[in-house]
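Peer 1: These are the residues of each chain, in order.
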Amino acid sequence: MLRPKLAGAVSGLALLVSAASAQAEVLFWSTQAKPVEEAQAMRERVLAGAGEVDYQPNDAGPWITRLNAELEAGSGSIGVLGALHGDFSAMDPEDLVNLGDLGLGSASDTFNDLAKLGTDDLQYIPWMQASYIMAANKKALEHLPDGADINALTYDQLIEWSASVMEATGEAKFGFPAGPQGLKHRFFQGYLYPSYTNGVVRTFASDKAVTAWEKMRELWAVTNPGSTNFSFLQEQLLSEDVWIAFDHTSRLAGAFNERPDDFVAFPAPAGPEGRGFMPVIAGVAIPKTAPDMDAAKALVAHMLKPETQIATLRATNFFPVVDVALPDDLPPSVQAAGAAVATMSASADANPGLLPAGLGDKGGEFNRVFVDTFERIVLAGQPIEAVLDDQKKTLARIMDETGAPCWAPDAPSEGACPVE
Amino acid sequence: MTAATTDLVEGGANARKAGQYVYIAAVVLLCAWVLVPLYFLLINTLSSPETVNAYPKRFIPEFDLGSLTFFANFAGILTALKNSVLVAGLTMIMSITIGAPAGYALSRFDFRGKELFRLLVLLTRAFPLPLLALPLAVMFIRVGIDDTIFGLALVHTTLAIPFAVLITFSLFSGIPIELEEAAWTLGCNRLTAFQKVILPLVLPGITASAIFAFVISWNEVFAAAVLTIENRTLTAFLLQNLDTSPLHLKFAGGFILVVPALIFIFAVRKYLFAMWGIANR
Numbered sequence: 021m022l023r024p025k026l027a028g029a030v031s032g033l034a035l036l037v038s039a040a041s042a043q044a045e046v047l048f049w050s051t052q053a054k055p056v057e058e059a060q061a062m063r064e065r066v067l068a069g070a071g072e073v074d075y076q077p078n079d080a081g082p083w084i085t086r087l088n089a090e091l092e093a094g095s096g097s098i099g100v101l102g103a104l105h106g107d108f109s110a111m112d113p114e115d116l117v118n119l120g121d122l123g124l125g126s127a128s129d130t131f132n133d134l135a136k137l138g139t140d141d142l143q144y145i146p147w148m149q150a151s152y153i154m155a156a157n158k159k160a161l162e163h164l165p166d167g168a169d170i171n172a173l174t175y176d177q178l179i180e181w182s183a184s185v186m187e188a189t190g191e192a193k194f195g196f197p198a199g200p201q202g203l204k205h206r207f208f209q210g211y212l213y214p215s216y217t218n219g220v221v222r223t224f225a226s227d228k229a230v231t232a233w234e235k236m237r238e239l240w241a242v243t244n245p246g247s248t249n250f251s252f253l254q255e256q257l258l259s260e261d262v263w264i265a266f267d268h269t270s271r272l273a274g275a276f277n278e279r280p281d282d283f284v285a286f287p288a289p290a291g292p293e294g295r296g297f298m299p300v301i302a303g304v305a306i307p308k309t310a311p312d313m314d315a316a317k318a319l320v321a322h323m324l325k326p327e328t329q330i331a332t333l334r335a336t337n338f339f340p341v342v343d344v345a346l347p348d349d350l351p352p353s354v355q356a357a358g359a360a361v362a363t364m365s366a367s368a369d370a371n372p373g374l375l376p377a378g379l380g381d382k383g384g385e386f387n388r389v390f391v392d393t394f395e396r397i398v399l400a401g402q403p404i405e406a407v408l409d410d411q412k413k414t415l416a417r418i419m420d421e422t423g424a425p426c427w428a429p430d431a432p433s434e435g436a437c438p439v440e
Numbered sequence: 004m005t006a007a008t009t010d011l012v013e014g015g016a017n018a019r020k021a022g023q024y025v026y027i028a029a030v031v032l033l034c035a036w037v038l039v040p041l042y043f044l045l046i047n048t049l050s051s052p053e054t055v056n057a058y059p060k061r062f063i064p065e066f067d068l069g070s071l072t073f074f075a076n077f078a079g080i081l082t083a084l085k086n087s088v089l090v091a092g093l094t095m096i097m098s099i100t101i102g103a104p105a106g107y108a109l110s111r112f113d114f115r116g117k118e119l120f121r122l123l124v125l126l127t128r129a130f131p132l133p134l135l136a137l138p139l140a141v142m143f144i145r146v147g148i149d150d151t152i153f154g155l156a157l158v159h160t161t162l163a164i165p166f167a168v169l170i171t172f173s174l175f176s177g178i179p180i181e182l183e184e185a186a187w188t189l190g191c192n193r194l195t196a197f198q199k200v201i202l203p204l205v206l207p208g209i210t211a212s213a214i215f216a217f218v219i220s221w222n223e224v225f226a227a228a229v230l231t232i233e234n235r236t237l238t239a240f241l242l243q244n245l246d247t248s249p250l251h252l253k254f255a256g257g258f259i260l261v262v263p264a265l266i267f268i269f270a271v272r273k274y275l276f277a278m279w280g281i282a283n284r
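Read top to bottom, the protein sequences are chains F and E.
Take 21 as the starting number for the first sequence in my numbering and just add one per residue.
Take 4 as the starting number for the second sequence in my numbering and just add one per residue.
Read the hints as simulated data drawn from the structure, not as lab findings.
Remember, it's a predicted structure, so these values are computed and weren't measured experimentally.
All C-beta atoms, glycine included, are put in the ideal place defined by N, C-alpha and C.
Be aware that a few hints might be false.
What the hints assert, rightly or not - Distance windows between CB atoms, simulated:
(1) F:Q201 <-> E:N76: 22 to 30 Å
(2) F:E162 <-> E:R61: 50 to 58 Å
(3) F:A406 <-> E:P131: 30 to 38 Å
(4) E:L126 <-> F:D115: 32 to 40 Å
(5) F:D115 <-> E:N222: 27 to 35 Å
(6) F:T414 <-> E:S51: 44 to 52 Å
My request is simple: use the sequences and hints to build the entire structure.
Peer 2: Structure below.
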């Protein structure tokens, strides 16, 4: 009774399997714009005028595994890669097509230099940028310390503010992305360290760094202890588990778009050495195994067009890298984040940092140093000096092995950036 | 003496009653274990984003179809669903056609290396897929079965075979060989004896291992994400993107991932239940 059914099913399956689909489109293999709404917006709006494009956002694991498989097999279906600077810097530049002859690039020379990945030619084209900012529920504003300006907060004021919110509500309402998918390492590399030590690598174990970690402990005391599970602070802002939050602009966007009147965005706080902050850069590149090189290059060019850049901004909350006039009708999240980033970079005490560069595939280990340091000092309560001296060795080894020179705000170095 | 007997009887009745309560409580608990999360998934799928983020949670769905409509318009979701069903179906068929004979051989014949084989068949589960995916993808690209439903089903079959072999092995072992021998004396050959006597007895077990194969394939993400591009399965297509999506879409996406598998299991349940002696209705 079952067997004829099975037989029918098998032949039916075989028929369907043999009907292979035609393949004429460019495969856009990306680690960005992954959330379903963003992926949808990329497909429907950003890539609408770019011809046949199959936009496939992936987790980092499958993304790099598939790419490596195609490079190793010597033929592939990926046309264009979209990823963060860190993803590209972990790759062999030989595997990416040189893109200098396209005449494309970002308005920022710093970004273009980063995109060369240590070679003489552009290995990827900067595609979009973002940063990390602060966001708060308007209910928290009445607890701001006397004399504090929300657009020019210091770390001390932030701690005081969070403490008085905690006193008023009985709950710790500062939120920090310390979850497994959270971007906490960028907070230490681009915000805490530059603000307190005016460096990241050179000053890793300095006396000023000890002060920075002491402040981090004070901040943690008024931080929602659930933060070790938070990776996208927009969720906790919306559920009001958190009133004051630090996160990536696109990971706060949901809160502003769903309840624009309830939240404010503002710059990251400042420390004794200024207001440290860091950009996030995503780029587009072409692997050497791309099946249709011309179509891939056309797609890269499409991504850099001003109107595509604005469509990308609406879709992903990542800002343009080329000079464009922003329209007035942008979503609330973009307006809020744009204003906060502009205030942050224009502030008198701005101390902008750069993304770690020249670390190659050691980028993950570099981040690990900061995450481990945080976990040992703040979560496990180990003595600060001892932990820094210990982690310093790992950091120095990574810098020596990669030979990466210092990047801002560290003072420039000859050869590998020293850990002092 | 009489009093003592009544006490004993009553004691026995009480104990039976208590046992019954424990039994009912256990049944309720087990059902709740499975049904409550599914119910919450359903409520949140049918709620507006504001309600999903609100606290306390509601217990009655408000039938807001916003989240589901979003997925209905999500490009490629139907193709992905079709691919998932095809891959899982192929996996099911291949793992049974390969696994069941192996299980039969293990239980009926003695051959050298039998114990080793039983051990080795488990080894396909010993290596994590992220480790295997790279060489597999390279090989698939070279052989030309990259990005096909058949190629992915092959990988999933490899994952499902240990279960198919071991489940069918214990099934066949549970059926006395005398039954088969009796059939042979009554004019059956090996094949017809298997077909007429053994197969009806093991069918529920085979269904169980088929469901296992189906679910293994349905849930697998990594190989699917690496080995398919045009022909993505639903899990590869959705699951990777859900962890970074807003909460209400996570619920709706989860719902969409769970429901087809539930429907499938519901459809084949009668073969499954027959395994525990409930008549095949």
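Peer 1: Now tell me, hint by hint, if it's right for this structure.
Peer 2: Hints, one by one, checked against the model:
At roughly 27 Å, the beta carbons of Q201 (chain F) and N76 (chain E) sit within the given window of 22 to 30 Å. Checked against the hint of 50 to 58 Å, the pair E162 (chain F) and R61 (chain E) fails, with Cβ atoms roughly 30 Å apart. Roughly 35 Å separates the CB atoms of A406 (chain F) and P131 (chain E), a value that falls within the hinted 30 to 38 Å. Distance hint check: the CB atoms of L126 (chain E) and D115 (chain F) are about 33 Å apart, consistent with the given range 32 to 40 Å.
In this structure the supplied range 27 to 35 Å holds for D115 (chain F) paired with N222 (chain E), their Cβ-Cβ distance being about 32 Å. The hint said 44 to 52 Å for the Cβ distance between T414 (chain F) and S51 (chain E), and at roughly 48 Å that hint holds.
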